[in-house]
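*Asks:* Protein chains in written order, with UniProt numbering: chain A, 1 to 118; chain B, 1 to 118.
One thing to keep in mind: the hints can contain errors.
If several chains are the same, the list does not tell them apart, and a pair holds so long as it fits within one copy or across any two.
Stated by the list, open to error - Capping the alpha-carbon separation at 20 Å, the derived lysine to aspartate or glutamate pairs in EDC-like fashion look like this:
hint, residue 1, residue 2
1, K91, D31
2, K91, D66
3, K73, E87
4, K91, D9
Calculated from the structure, these hints are not laboratory results.
Protein chains: 2
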Amino acid sequence: MQPNPNQLDLTFAALADPTRRAILARLAVGDASVNELAAPFEMSQPAISKHIKVLENAGLVSRGKDAQRRPVKIEALPLADAVGWLENYRKFWEQSYQRLDTLLDELQRFAPKGDKKN
Amino acid sequence: MQPNPNQLDLTFAALADPTRRAILARLAVGDASVNELAAPFEMSQPAISKHIKVLENAGLVSRGKDAQRRPVKIEALPLADAVGWLENYRKFWEQSYQRLDTLLDELQRFAPKGDKKN
DNA sequence: ATCAATCATAACCATCTCGTTATATAGCGA
DNA sequence: TCGCTATATAACGAGATGGTTATGATTGAT
Chain A
1 MQPNPNQLDL TFAALADPTR RAILARLAVG DASVNELAAP FEMSQPAISK HIKVLENAGL
61 VSRGKDAQRR PVKIEALPLA DAVGWLENYR KFWEQSYQRL DTLLDELQRF APKGDKKN
Chain B
1 MQPNPNQLDL TFAALADPTR RAILARLAVG DASVNELAAP FEMSQPAISK HIKVLENAGL
61 VSRGKDAQRR PVKIEALPLA DAVGWLENYR KFWEQSYQRL DTLLDELQRF APKGDKKN
């Protein structure tokens, strides 16, 4: 029961941009209006609106309505699906970390006890 | 100690393409030559070579050398970093799942005991 | 020495992406 | 009604992306 591939495409593509990741990080703190989201960036408001639309199309964000404002809210389920997909590869990076740990252990073992070098 | 942003850009962008995700899935089974990787796709060999290069630039894959073959090997540490970034949002999707669970519980509670419908 | 196999590279093309500026739309408050 | 605020949309351009075909480089086999 994998999420449909097209959904993963949209999710990963949305996450591939640092501005959009920063927007998500901001939204993790709490909902925000478009202008609030735009404030930290040296970028026009329409540019931010476009980024929000990309996030919305990926289902990562939804919008409310408050007078003229369209508060944006994080919707993290697609992120969960992305992690779900990535989890298939957990054993590989765990192996890698383990190899690194082993290496560090050996360096430790063969280092003279009082050696402060490095 | 976040991975540098540019690295996350490359990782997520690499994952945004279904062909590349399929290549990674194949490599999870074991190393493979370019031709082996290309075989399942209705796509030219140069196209696959390009995809492999994208994966390589993102550090998701490395290459060996065996006669004319350039066996490709999965390198999953960047995936681990990607998951690391995504983990910041775990609480959101857990809340969402919890809301879903609550909903399902209530549906359960109010469903007639013997109701087989759906 | 040549041939076939494996893979990479170049040139090209269509389409998408990410930014811009200019303008339109909608709601609030005076 | 008027004008301000908040946001969306349109039109445009530069550069990235994802595919193609044609060709080049390297290596093993005959």
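*Asks:* Which of the stated hints cannot be reconciled with the structure, identified by number in ascending sequence?
*Replies:* Violated hints (numbers, rising): 2, 4; every other hint is consistent with the structure.
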